[in-house]
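Engineer: What follows is the residue order along each chain.
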Amino acid sequence: MPASTPAQTPPPPLSDAVRGGLTVALALYLLGLALCVVGNSGSGSSALVRTLKSKLFSPWMTPPWLDLGYDTRLTHGLAEDGDHRFEIRRLDDPAAPEAVILPGPAMHGERAARWRRLARATAVSEADPEREALLPSAVSRGAFVPWYTNDVSLRVMRHLPPDWRDVIDGLADVTGRDEQAYAARVRLVDGDVQLITSTPREELAPLVKEPAP
Amino acid sequence: MKTVDQPSSAPSLADLIGTTWTRFWFTPADAWPLAIVRILGGLLALALWASYAWDLEIWFGPHGMISPALLGAWRSPWSVSLFDATRSTAGLLLAYGCGGLVLLAATIGLATPVTTVLGAIAFSSLLHRGPMLVGPADDVVAVILWCLAIGRSGDALSVDRAVGAWLGRPAPQSSVRTQIALGLVRVHAGVIAAAAALAQLKGDVWWNGTAAWWLAARADSPLVDLTGVFLQSEYLMNLVTHAIVIFEIVYAVGLWVPAMRRVIVPVGLGAWPLIGLVAGEPFWGLAMAVLAFGCRSPSP
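So the protein lines, in turn, are chains P and A.
Its first residue numbered -4, the first sequence is counted upward by one per residue in my numbering.
Its first residue numbered 623, the second sequence is counted upward by one per residue in my numbering.
Bound conformation, chain P alone (with noise of 0.2 Å):
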């Protein structure tokens, strides 16, 4: 016959010290989600609400990975939003096969979806004059022991759907149409990363002709 298990007894409550402690931590934590999520919003916060959080809560809040805004848009349907991958090429190789795209056929779920970010990444970055050129010469530097080369071309290119209208109206196809977010020729001279960025042709003014006396 098995021996019985004894009846555990309850567990004493909570005494009114611990329990007060607990409510000034769950009290202070939550103060500190709040700040976190209206301070990490995509609209920018205010100064009041990024000092009182950088000073007070980021410093603890920030190692567990609770620094967050939530605020998952999902889409807005801005060119930002669509889906962005990697071109590398090798330049020093007229030989070398075609370029590298990232995420590859191969690549599926969570694994493309984090080499799609990276890229996305990498091309918003462009726009931060703290972070400019960081990824370009980062993702390129990771080419470049692989490949054996110092002399590559890094290109992001961003998938834009087609606006729903005109898929119906017959003036865009539903396969949307890719355009370059970023290029940049990247290379490696006496261990220092060159990076020569390649201006979209509409960005570049036109040419204009003289007038014909």
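Just so you know, not all the hints are guaranteed correct.
Calculated from the model, a selection of chain A residues having no Cβ within reach of chain P, i.e. all distances over 12 Å [unchecked claim]:
id, residue
1, Ala632
2, Ile661
3, Val702
4, Ser710
5, Ala712
6, Ile730
7, Val736
8, Ile743
9, Met754
10, Gly805
11, Leu891
Across the chosen pairs, the derived CB separations fall in these ranges [said to hold, decoys possible]:
id, chain 1, residue 1, chain 2, residue 2, range
12, A, Leu858, P, Pro141, 42 to 48 Å
13, A, Ala695, P, Val184, 20 to 26 Å
14, P, Leu25, A, Gly713, 37 to 43 Å
15, P, Arg45, A, Ala636, 28 to 34 Å
Here are some chain A residues pointing at chain P (derived, C-beta under 8 Å) [said to hold, decoys possible]:
id, residue
16, Trp696
17, Val798
18, Ala833
Keep in mind the hints are simulated off the structure, nothing from the lab.
Idealized CB from N, CA, C, for every residue including glycine.
For chain P, the structure is supplied; the task is to place chain A on it using the hints.
Structural biologist: Frame of chain P; chain A shown alone:
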């Protein structure tokens, strides 16, 4: 004329808030709901962890794309990651392997009080190592793992509990720690749903009813092709768009109204994965469903 103060039987607002607060956070809770969150959240964490495996060295290796120098300029000064200490490929793979094992142990409930804490530390460390790779599912799973680290999720449906029963130890009682963890799960479920709804409503496409089209017409993200359906019916496209936002708002509010919660939480278990599927963020949808599962407890 003489007036007499009538003793009032109605509690003051302060008493009401205090009672509600105490009941919400400090009523001992059974471990079962949190144990199910542990198993489902752990499986999600393992899946997200595994998604780094193929490209780990390309991203984080000694010659990887996301170098410590890049992170120095990119991350918050308060960011820390155990992976920052790895200087070689072997060290990186060792740290990654150990983190995966810890998450597996937490999922099955082995040495749960330790492995849930270590699992949360390992997971947030991996996110800090490459913040530009992180998606919304990672954010939600990080929250779930920290809630598990607080509560006693190993008191049920775990290897720990099976070993305890085998040794003749009594079943653990309800616990305040578990209730605090479940309370935090509900708070985050509501906050994340509300923040998502607010973020979406800042875009015109969520008002003019075409957001579902923009999600479906992307090249690679969608798991199901709904473009043909939306081209057939504008109203259906509008309905899907508005239903997503309305559901998020009702969910965020309904979690705090007991009568609504009984309905909205089971609906959420199905709706969140569907939204994730439509949005091309299936893991985010599943993680939100796991949070919803943690809101099923009968606490106030």
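Engineer: Does each hint hold? Answer for all of them.
Structural biologist: So, going through the hints one by one against the coordinates:
1. Ala632: holds (24 Å)
2. Ile661: holds (20 Å)
3. Val702: Per Cβ check, Val702(A) is inside 12 Å of chain P; nearest 5 Å; violated.
4. Ser710: holds (14 Å)
5. Ala712: holds (17 Å)
6. Ile730: holds (22 Å)
7. Val736: holds (17 Å)
8. Ile743: violated (8 Å)
9. Met754: Since the minimum Cβ distance to chain P is about 4 Å, Met754(A) lies within 12 Å and the statement is violated.
10. Gly805: violated (8 Å)
11. Leu891: About 18 Å separates Leu891(A) from the closest Cβ of chain P, which puts it past 12 Å; holds.
12. Leu858(A) with Pro141(P): 42 to 48 Å: holds (47 Å)
13. Ala695(A) with Val184(P): 20 to 26 Å: holds (21 Å)
14. Leu25(P) with Gly713(A): 37 to 43 Å: About 38 Å separates the Cβ atoms of Leu25(P) and Gly713(A), which means 37 to 43 Å holds.
15. Arg45(P) with Ala636(A): 28 to 34 Å: holds (32 Å)
16. Trp696: Because about 7 Å separates Trp696(A) from the closest Cβ in chain P, which is inside the 8 Å limit, the hint holds.
17. Val798: holds (6 Å)
18. Ala833: Ala833(A) check passes; min Cβ-Cβ to chain P is 6 Å, inside 8 Å.
Hint violations for this structure: numbers 3, 8, 9, 10, all remaining hints satisfied.
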